[in-house]
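Please dock the two separately framed chains into a single complex, following the hints provided.
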Amino acid sequence: NAGVTQTPKFQVLKTGQSMTLQCAQDMNHEYMSWYRQDPGMGLRLIHYSVGAGITDQGEVPNGYNVSRSTTEDFPLRLLSAAPSQTSVYFCASSRKGTGQSSPLHFGNGTRLTVT
Amino acid sequence: AQKVTQAQTEISVVEKEDVTLDCVYETRDTTYYLFWYKQPPSGELVFLIRRNSFDEQNEISGRYSWNFQKSTSSFNFTITASQVVDSAVYFCALAMDSNYQLIWGAGTKLIIKP
Numbered sequence: 001n002a003g004v005t006q007t008p009k010f011q012v013l014k015t016g017q018s019m020t021l022q023c024a025q026d027m028n029h030e031y032m033s034w035y036r037q038d039p040g041m042g043l044r045l046i047h048y049s050v051g052a053g054i055t056d057q058g059e060v061p062n063g064y065n066v067s068r069s070t071t072e073d074f075p076l077r078l079l080s081a082a083p084s085q086t087s088v089y090f091c092a093s094s095r096k097g098t099g100q101s102s103p104l105h106f107g108n109g110t111r112l113t114v115t
Numbered sequence: 116a117q118k119v120t121q122a123q124t125e126i127s128v129v130e131k132e133d134v135t136l137d138c139v140y141e142t143r144d145t146t147y148y149l150f151w152y153k154q155p156p157s158g159e160l161v162f163l164i165r166r167n168s169f170d171e172q173n174e175i176s177g178r179y180s181w182n183f184q185k186s187t188s189s190f191n192f193t194i195t196a197s198q199v200v201d202s203a204v205y206f207c208a209l210a211m212d213s214n215y216q217l218i219w220g221a222g223t224k225l226i227i228k229p
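Quick note, the sequences are listed as chains A and B, same order. With our numbering applied, the first sequence covers 1 to 115. With our numbering applied, the second sequence covers 116 to 229.
Only chain B is shown next, with the shape it has when bound in the complex (with noise of 0.2 Å):
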């Protein structure tokens, strides 16, 4: 079966600090692609990354990084030096080239406080 846990229901940080969202996933199939999404308070939902299960590389973005291990199925996302305007709603979600249905987190709700 497929599966995505995103076990933090709800983070809350001072402005500044590092968090981390935790992404578990489960899945069978030997190719597939992992991808996080941000639900900001206006409520659009917005494309953040993907990662394919050929390449386990780490990857940085300004202030974002995702930690892409499979050896115990895990794609966490952090945000290093947090800002208030990261406060949003985070989706880890899971495909596989076997069907074209997503599978996706319950979301991370993240609270940057000032």
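Next comes chain A alone, as it looks inside the complex (with noise of 0.2 Å):
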């Protein structure tokens, strides 16, 4: 098994850029989600997702845009990439448990530099 599969490992954007970090799991699992991570500020979610056709905010929603058309993928879109976007992305997912019970499989992470 693949488990959580993130891409691309790195990318550098310029200011106003957009992108598309891409997600897939293969363990059938119903929630999948997008954090990010930034010095000393731990991990902060972006928007998450419980199944196919449902969305939902997290902490940090802004200056980004998911959908979830399949059980399998959950991209995440920089629609016009600002510095403050600078960070290390994790993708996560999970069996949809009562609220968040279930562990979190994580990707392996992308390293994405806003210039």
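Think of the hints as simulated: they come from the structure by calculation, not from any bench.
As a list, the in silico DSS-like pairs of lysine-lysine whose alpha-carbon atoms are at most 25 Å apart:
| hint | chain 1 | residue 1 | chain 2 | residue 2 |
| --- | --- | --- | --- | --- |
| 1 | A | Lys96 | B | Lys153 |
| 2 | B | Lys224 | B | Lys131 |
| 3 | B | Lys224 | B | Lys153 |
| 4 | B | Lys118 | A | Lys96 |
| 5 | B | Lys228 | B | Lys153 |
| 6 | B | Lys224 | A | Lys9 |
| 7 | B | Lys153 | A | Lys9 |
| 8 | B | Lys185 | B | Lys118 |
Quick look at which bits of chain B chain A covers, simulated, 3 or more residues with Cβ under 8 Å:
| hint | region |
| --- | --- |
| 9 | 155 to 162 |
| 10 | 211 to 220 |
A quick note: this is a predicted structure, and the numbers were derived from the prediction, not measured. Ideal placement from N, C-alpha and C gives every residue a C-beta, glycine not left out.
Pasting the structure below:
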């Protein structure tokens, strides 16, 4: 099993450019989420989805869009990149439980730099 | 309000010492779940353990042990006879039945020196 696959691993963007971070899981997990990790700030939830066709905002959703057309895929779109979006991004998935009671499986992360 | 506090930003010990990482949480929910995750220098995040609020039994897994105490709202993690491979950032997290957002602590960076 590949688990959670994120691409790309590294990306450099110029301010104003757009891009999509890809995330795919092969564990048939209903729940998927995107986090960003910044030094000294731990993990912050951007968006999450509890199933295909359902998405919701997390703690820091501004500047990001998501969609969930299939159970497997949960792409994160940056519409107009800003230097404040320089961060490491993690995609995670889990079985659907009551609330977020199931352990998360994480991808290996995408290191994004916006200049 | 829900909150997770990991007061120890960084801990440095010499190999073979025991070390305890503290985690204090706040929630008004009666049903909740506590997690520990490990992030080694390579960057991936790895699940270590989950505890639900109705199970206060301590857990031991090899050199790792976890002490859950509802009376002090703490879920501490102890590594016995630490090894260099234990060097990582360790995160404590809290989940409730009432929503889908994990509450994360800021993490504790553990450095094990040879």
